[in-house]
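Chain C is already provided as a structure; the job is to place chains L, E and V on it using the hints.
For the record, the sequence lines run as chains C, L, E and V. Mapping the first sequence onto this note's numbering, position 8 (from 1) lands on 8, and the numbers just tick up by one. Mapping the second sequence onto this note's numbering, position 73 (from 1) lands on 73, and the numbers just tick up by one. Mapping the third sequence onto this note's numbering, position 120 (from 1) lands on 120, and the numbers just tick up by one. Mapping the fourth sequence onto this note's numbering, position 205 (from 1) lands on 205, and the numbers just tick up by one.
To be clear, the hints were calculated from the coordinates, so they are not data collected in a lab. Some hints here could point you the wrong way.
What the hints assert, rightly or not - So these bits of chain L aren't anywhere near chain E, every CB distance computed over 10 Å:
id	residue
1	E52
2	R56
3	S79
4	V148
Claimed, not checked - Calculated lysine to aspartate or glutamate pairs in the DMTMM-like style (CA-CA distance at most 25 Å, straight line):
id	chain 1	residue 1	chain 2	residue 2
5	L	K133	L	D108
6	E	K198	L	E175
7	V	K51	V	D204
8	V	K198	C	E167
9	L	K105	C	E71
10	V	K105	E	D65
Glycine included, every Cβ here is placed at the ideal spot set by N, Cα and C.
4 protein chains.
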Amino acid sequence: MNSLSGKTAILTGGSTELAGAVAFALAGEGVNICLCGRQADLLDMSANKIKEIGGRVITQASELDTLEKTEAIVGQARSAFGGLDILILISPFWSGGMIHSHHVKTWDLVMNANLREPFLMARAALPVMREQKRGEIMAIGSDSALGVYPQDGAFAIAMHGLTTLMELIQAENSEFGIRTHLLSPGVAVSAPFNAEGKPNLTPDHISDWALWLLTRPDHLRGNGPILI
Amino acid sequence: MNSLSGKTAILTGGSTELAGAVAFALAGEGVNICLCGRQADLLDMSANKIKEIGGRVITQASELDTLEKTEAIVGQARSAFGGLDILILISPFWSGGMIHSHHVKTWDLVMNANLREPFLMARAALPVMREQKRGEIMAIGSDSALGVYPQDGAFAIAMHGLTTLMELIQAENSEFGIRTHLLSPGVAVSAPFNAEGKPNLTPDHISDWALWLLTRPDHLRGNGPILI
Amino acid sequence: MNSLSGKTAILTGGSTELAGAVAFALAGEGVNICLCGRQADLLDMSANKIKEIGGRVITQASELDTLEKTEAIVGQARSAFGGLDILILISPFWSGGMIHSHHVKTWDLVMNANLREPFLMARAALPVMREQKRGEIMAIGSDSALGVYPQDGAFAIAMHGLTTLMELIQAENSEFGIRTHLLSPGVAVSAPFNAEGKPNLTPDHISDWALWLLTRPDHLRGNGPILI
Amino acid sequence: MNSLSGKTAILTGGSTELAGAVAFALAGEGVNICLCGRQADLLDMSANKIKEIGGRVITQASELDTLEKTEAIVGQARSAFGGLDILILISPFWSGGMIHSHHVKTWDLVMNANLREPFLMARAALPVMREQKRGEIMAIGSDSALGVYPQDGAFAIAMHGLTTLMELIQAENSEFGIRTHLLSPGVAVSAPFNAEGKPNLTPDHISDWALWLLTRPDHLRGNGPILI
Chain C
1 MNSLSGKTAI LTGGSTELAG AVAFALAGEG VNICLCGRQA DLLDMSANKI KEIGGRVITQ
61 ASELDTLEKT EAIVGQARSA FGGLDILILI SPFWSGGMIH SHHVKTWDLV MNANLREPFL
121 MARAALPVMR EQKRGEIMAI GSDSALGVYP QDGAFAIAMH GLTTLMELIQ AENSEFGIRT
181 HLLSPGVAVS APFNAEGKPN LTPDHISDWA LWLLTRPDHL RGNGPILI
Chain L
1 MNSLSGKTAI LTGGSTELAG AVAFALAGEG VNICLCGRQA DLLDMSANKI KEIGGRVITQ
61 ASELDTLEKT EAIVGQARSA FGGLDILILI SPFWSGGMIH SHHVKTWDLV MNANLREPFL
121 MARAALPVMR EQKRGEIMAI GSDSALGVYP QDGAFAIAMH GLTTLMELIQ AENSEFGIRT
181 HLLSPGVAVS APFNAEGKPN LTPDHISDWA LWLLTRPDHL RGNGPILI
Chain E
1 MNSLSGKTAI LTGGSTELAG AVAFALAGEG VNICLCGRQA DLLDMSANKI KEIGGRVITQ
61 ASELDTLEKT EAIVGQARSA FGGLDILILI SPFWSGGMIH SHHVKTWDLV MNANLREPFL
121 MARAALPVMR EQKRGEIMAI GSDSALGVYP QDGAFAIAMH GLTTLMELIQ AENSEFGIRT
181 HLLSPGVAVS APFNAEGKPN LTPDHISDWA LWLLTRPDHL RGNGPILI
Chain V
1 MNSLSGKTAI LTGGSTELAG AVAFALAGEG VNICLCGRQA DLLDMSANKI KEIGGRVITQ
61 ASELDTLEKT EAIVGQARSA FGGLDILILI SPFWSGGMIH SHHVKTWDLV MNANLREPFL
121 MARAALPVMR EQKRGEIMAI GSDSALGVYP QDGAFAIAMH GLTTLMELIQ AENSEFGIRT
181 HLLSPGVAVS APFNAEGKPN LTPDHISDWA LWLLTRPDHL RGNGPILI
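Only chain C is shown next, with the shape it has when bound in the complex:
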């Protein structure tokens, strides 16, 4: 097993319950956390849980809509914790619609948050990782990337695009000691059981999976769905 203690991770989509679960699990292994998202109150809630177990965490409440912002976050994480080892790109929300009646505003929100933001964050982190010849980028997307489901709209397109982005990053950077992981889980919900008493896929299942991949030896990487 590969120890994570003392490493530094930036997480996007930080306002989601999933990001909270992944950040908490990583902090439990001694990872310094930089949590980025839109909603300051939710970021603070996750940060407080991490502090309660003695973890180190900073938060960044903002849209990641310019390279200046994502580069600033990389800089802040590095000055706060002395490095950057892991970037975790978490899809912040689902929204979609049928194409013939799709709201353009929804298209723009979904594409910006789920595809352009991961690009800008990777764009800022990669030069650092290439220079240090070490680093790890994980995207936690959705099984909407694995097929085509009516009404998924912009979200389906963003998730297929995210897959392509991660494959490009892998192809262009594996020679620089940078590994990637692409997770495409089904829909995760907090409740451990559904109305019929069947077990759900929860954020904890996904963070368990992410943690397992991140603790594998450096030369191994994994992609794939986890589905319920």
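Chains L, E and V only, in chain C's frame:
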């Protein structure tokens, strides 16, 4: 063979040589042409060739960056020619780069022109086609959709997204008599031969293919690459 | 357009209505036909239609279960017609079942006829085509290759395998002037309309498509589904 | 974590080092092992290692070329250990070649061992698992299933076919409480480092991954590559 005479087609990416070739071939079959693109002079050049063979054509020189603009174009085509039968989405240009040094401006230009513009145009045309229970949407993208090639950057992502968009349109609208075609050709160039004397893939080869698909019986549809 | 006149084609799956339609269409363009299949009477029926329009045709009624047999067929076609230009691999029949109750005999029949037979036929034709630095291999499989449908059983597996076989042939032989086409049509039936009066996909639609691809310039190749 | 203690697993491809590693890891968790393969001496060696740590194991040295044989193995595992919980299908060996010169004997050996044998084993196990509404089938194939590599020949085709087989099993049996896992690792070798001192992918890495998936909660399943 399915006659195209008297039908009306809107083409995006109209400033490209490929769009000019497809429009000319369709006009030769009696299709009324609405050619949309960024560069008025290139649109006029293609329109003049069509007029010389007695074809009917209108041009729209503008970016297709709002639903209002694409709905206006659908309206203009319908009032000029009395209907809308065919929408052809042509990727206007390639640009990319390595992800770690990708220009953000390039990302935005490529994603807007090659993915958001086709979405907005389809978004405007589909309600009309669904109401008339008839219509045809063809996208002519690129073999960048068929793999992951380093340095393709935003273009690769836009082309994979275009594939997903077309699959969503197919899945959501086939019950409404709307058929789709997705063409993913290699790079087409004007010169019939390359420096070594080998034959190239030319815009005429692609327009020949598009025309063949559009003249198949209404209940057939085709996807696929054509490669050199 | 690329003239087919005087070329020689071997077709497998020759007892099917589809093979009959493709052979007839090719013969109409002046192609010499070698039709291979299991049922002598059906082969003769197709051959007689070809002879009525003045076409040249030989038939081979046998299972193609050894390399000796497929090499003999290549030899016979070459001595009868003076060459070998085109090999068309047509899936002879569908059979399947749920995996948990799949008949082993069905598995063996399906895998042999739809996957091992095309391999043996390509295995025999490729050395000739590589030596003459020219040739064309087309497989007409099924849309069972494009997804995973319960109860398709061995047929689904054979069709996915056929896709891989054709991709290997393409990758290994394109430098030798050999081009491939992979067609994955939906189910074709003779009746032009179904019980509800809707048009069907017929063997003639598929042979029309095959003929179109085979008459493209030599440096172009096409894959893809045609679906109803 | 899901305890494996007291469960019973059948493994095919049992003569390989990978099967030995997976069987040893499972036995360490208290799983009863039925190890099937061609080479009795290698099976015995793996069985002895398991017995040394107090594990329970039986071996079956035979080709799995009839349903009678695979049903007999299911019967023996159930009578020896009182049940059947897990089936692990391990690809026994690589062999291939260019299609134009591929040995037919190699084709038959590869297709039988890597595709027909997994089918026959799953065919025998599924009726039991469907009746008990519980069970788990894992296939450990190869990254040859994830692309098309010249010279992979029959192995590439068998691995793509194995993927389809596993997807059919998943689609047809998930309602019966049966989950599947498909692992497509790169080439594993025993030596922890290669000639240049870089770490290899070893059988232990793969068995670690298999064990992790098998110990997830019953309602989760995972597919995917692990690559070096």
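Checked hints:
No Cβ of chain E comes within 10 Å of the Cβ of E52(L); the nearest lies about 25 Å off, and the non-interface call holds. Against chain E, the non-interface label of R56(L) holds: every CB pair exceeds 10 Å, the least being about 28 Å. For S79(L), the condition that its CB be more than 10 Å from all CB atoms of chain E holds, with the nearest at approximately 32 Å. Distance check for V148(L) against chain E: the nearest CB is about 16 Å away, which clears 10 Å, and the non-interface claim stands.
Proposed proximity of K133(L) and D108(L) is contradicted: the alpha carbons are some 35 Å apart, above 25 Å. Distance restraint check for K198(E) and E175(L): the Cα-Cα separation of roughly 13 Å lies within the 25 Å cut-off, and the hinted pair is therefore satisfied. As the CA atoms of K51(V) and D204(V) are separated by approximately 19 Å, the hinted pair is consistent with the 25 Å bound. With a CA separation close to 23 Å, the supplied pair K198(V) and E167(C) stays within the 25 Å bound.
For the suggested pair K105(L) and E71(C), the alpha carbons sit about 16 Å apart, so the restraint of at most 25 Å is met. Restraint check for K105(V) and D65(E): the C-alpha separation of about 12 Å stays at or below 25 Å, so the hint holds.
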